[in-house]
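Listed in order, the protein sequences are those of chains A and B.
Under this note's numbering, think of the first position of the first sequence as 1, with each following residue one higher.
Under this note's numbering, think of the first position of the second sequence as 124, with each following residue one higher.
Bear in mind the hints are in silico, worked out from the structure with no lab data behind them.
Check the hints yourself; a few may be wrong.
Unchecked claim - A partial selection of chain A residues facing chain B, derived with a Cβ cut-off under 10 angstroms:
no., residue
1, Leu6
2, Gly16
3, Gly43
4, Ser87
Stated by the list, open to error - Derived lysine-lysine pairs resembling DSSO-like cross-links, with alpha carbons at most 27 angstroms apart:
no., chain 1, residue 1, chain 2, residue 2
5, A, Lys7, B, Lys249
6, B, Lys360, A, Lys7
7, B, Lys152, B, Lys129
8, B, Lys169, B, Lys129
9, B, Lys343, A, Lys100
10, B, Lys226, B, Lys152
11, B, Lys249, B, Lys360
12, A, Lys55, A, Lys66
13, B, Lys169, B, Lys152
What the hints assert, rightly or not - Ranges of calculated distance between the beta carbons of each label pair, as one might list FRET restraints:
no., chain 1, residue 1, chain 2, residue 2, range
14, B, His147, A, Val112, 34 to 40 angstroms
15, B, Arg252, A, Leu97, 46 to 52 angstroms
16, A, Ala50, B, Glu339, 42 to 48 angstroms
17, B, Glu339, A, Val112, 38 to 44 angstroms
18, B, Val150, A, Ile102, 56 to 62 angstroms
19, A, Ala109, B, Asn291, 55 to 61 angstroms
20, B, Asp293, A, Val112, 33 to 39 angstroms
21, A, Met23, B, Asp293, 25 to 31 angstroms
22, A, Ile84, B, Glu237, 50 to 56 angstroms
23, B, Asp144, A, Gly92, 20 to 26 angstroms
24, B, Asp143, A, Leu97, 36 to 42 angstroms
25, B, Glu237, A, Ala71, 54 to 60 angstroms
In this text, a Cβ means the ideal position worked out from N, Cα and C, and glycines have one as well.
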Amino acid sequence: MMKAGLKRSNAPIFWGLFGAGGMLSALFGPVLVFITGIAVPLGLLLPKGAMSYPKMQAFAQNFIGKSFIFAVIALFLWFAAHRIFHSLHEIGIHAGLGAKLICYGSAFASTVIAAYVLLVLGF
Amino acid sequence: MSENHKIIEIEVLRYNPESDDEPHLEVYKVPFSDDMSVLQGAQYIKDNFDGSLTFRWSCRMAICGSCGMMINGIPKLSCETFLRDYYPSRIRIEAMANFPIEKDLVVDLSGFIEKLESIQPYIIAKEPRTLEQGEYLQTPEEFNRYIQFTSCINCTLCYAACPQFGLNPDFIGPAAIALLHRYNMDSRDGAAAQRMELVASEEGVFNCSAVGYCSEVCPKHVDPANAVNINKTNAAKDYFLRFLSPKGGSK
Ligand code: SF4
Ligand code: FES
Numbered sequence: 001m002m003k004a005g006l007k008r009s010n011a012p013i014f015w016g017l018f019g020a021g022g023m024l025s026a027l028f029g030p031v032l033v034f035i036t037g038i039a040v041p042l043g044l045l046l047p048k049g050a051m052s053y054p055k056m057q058a059f060a061q062n063f064i065g066k067s068f069i070f071a072v073i074a075l076f077l078w079f080a081a082h083r084i085f086h087s088l089h090e091i092g093i094h095a096g097l098g099a100k101l102i103c104y105g106s107a108f109a110s111t112v113i114a115a116y117v118l119l120v121l122g123f
Numbered sequence: 124m125s126e127n128h129k130i131i132e133i134e135v136l137r138y139n140p141e142s143d144d145e146p147h148l149e150v151y152k153v154p155f156s157d158d159m160s161v162l163q164g165a166q167y168i169k170d171n172f173d174g175s176l177t178f179r180w181s182c183r184m185a186i187c188g189s190c191g192m193m194i195n196g197i198p199k200l201s202c203e204t205f206l207r208d209y210y211p212s213r214i215r216i217e218a219m220a221n222f223p224i225e226k227d228l229v230v231d232l233s234g235f236i237e238k239l240e241s242i243q244p245y246i247i248a249k250e251p252r253t254l255e256q257g258e259y260l261q262t263p264e265e266f267n268r269y270i271q272f273t274s275c276i277n278c279t280l281c282y283a284a285c286p287q288f289g290l291n292p293d294f295i296g297p298a299a300i301a302l303l304h305r306y307n308m309d310s311r312d313g314a315a316a317q318r319m320e321l322v323a324s325e326e327g328v329f330n331c332s333a334v335g336y337c338s339e340v341c342p343k344h345v346d347p348a349n350a351v352n353i354n355k356t357n358a359a360k361d362y363f364l365r366f367l368s369p370k371g372g373s374k
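Bound-form chain B, shown alone:
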């Protein structure tokens, strides 16, 4: 690093489950250049000060969704957040809120993975076709109905942003509901009634109190809050109209 590098103070929430009773903050003075991301700042600390610092990352280009953390209290992808935007103030990085910490900046995502599985995140064909019948066709219009909800990269920033998930970890939460909505809206899929059981359950959409912060922090403009809201209406309809139409999958 050349001398004309500026120095920024990075305060990191450290937690080692083997030796610490609870997480604590440590400050590092990191020389940086204008093109350095917060993730690179963490990498600098790991390379130069403490090799045990633990965090997740892979793509470094806002695609893989693994580098999420709280940056000055806001859930962000650390690879697309730049140190220069915080300098000369001190910057604080912490593990994503609302999740149990595994070590340092790494959180336990197993609950989220279970939720993803629980929404049946695959097309359950409305009318199964044989090979001879050929492919499933879809118009651009039908495609447009769900494409937005396919952009999720499972970064879980929306969960770190959601106060209701923080209060009730059983809530299926924004990203899983957005993905559920993506399959419900797909013209090839016919399992919306099956998924309704989860949507309308006590773990479902009614945990949401329309805070909307999930959509604000989403780096991919998935707008999970919108998906949740639409499904509140769907679940309310299902609640009151279920006696009229016997086909619903819910009890």
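Isolated chain A, as found in the complex:
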């Protein structure tokens, strides 16, 4: 006896981005925080100028570097958006469509901006 009128959930799209972002942030998040936030500013471990402007620009102009930056920015944000949206729900804020738009909308907007900036930087 199957229930009638079942609507397919679109969650797999968001859940997929969430899963991919979660995996990526678990793998790279801490080390990125360490490199960009601690090691480079304090001049620890890494050679001087490891993140100098020309180096970073070259990295962002390289196809693989570009893809990496894009994936890290976009997927981290989709991961965060999903997590925040569900946490809001869990602590009893059922803002529904509004919260959904803010959470996923900002991830979407940032994804578009990241893609645009990376493309404008050229190859």
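Please arrange chain B with the ligands on chain A, whose structure you already have, making use of the hints.
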């Protein structure tokens, strides 16, 4: 009861739909011995203080699944939870969370029963066999794939534990999905595609935010959270690959 019995205070959530506007707590002082369960404590109250106290029970040995309640806020079977483990503190027993209360500790399970029916909890033969062809054979390996998910006793403690079910009572929920998974994993069954419609629906697995408390409170180690998780992956695959394989039962 002999004098050397200890006395424990049991605070009970009472609700009589005919006279009460809302549930309230009442405290009873119950003499107990070391071998007394919380269920026996409730029974003592019913026999000695208030015969109208209402609760469900049957087997008294963690088999029938009817005696679930919140014990100090944690969903547990009251027949396998002992008063001695709480003494000398006061113990609070309440109807299972997330369900409408019918009376005192009895909750309305009709929504859960409907969910159990909705998953088609029976084998829908992959290749129907005639009597002459004999029985359906299964290897121990095939058996092992689903046996864990057959242990559910429908106590619904996992529903009382699930915050997402609390927020959305339409969510099919842990035990029903575990049972659904039990049939999907059975080598004799061929209806996984039919059941996918429910799994992938808005009432389905994506209500779960991987809290995992359901598996923690399950007295039978069914691990419903695992069943839900596996079916999230299955539903996501079905979502993206459904256009490639025309056989799925979902739209
Ligand atoms: S899965 Fe476990 S907790 Fe949930 S109803 Fe079945 S036996 Fe009870
Ligand atoms: S009375 Fe049967 S499980 Fe507790």
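### Query
Which earlier hints can't be squared with this structure?
3, 9, 14, 18, 19, 22 and 25
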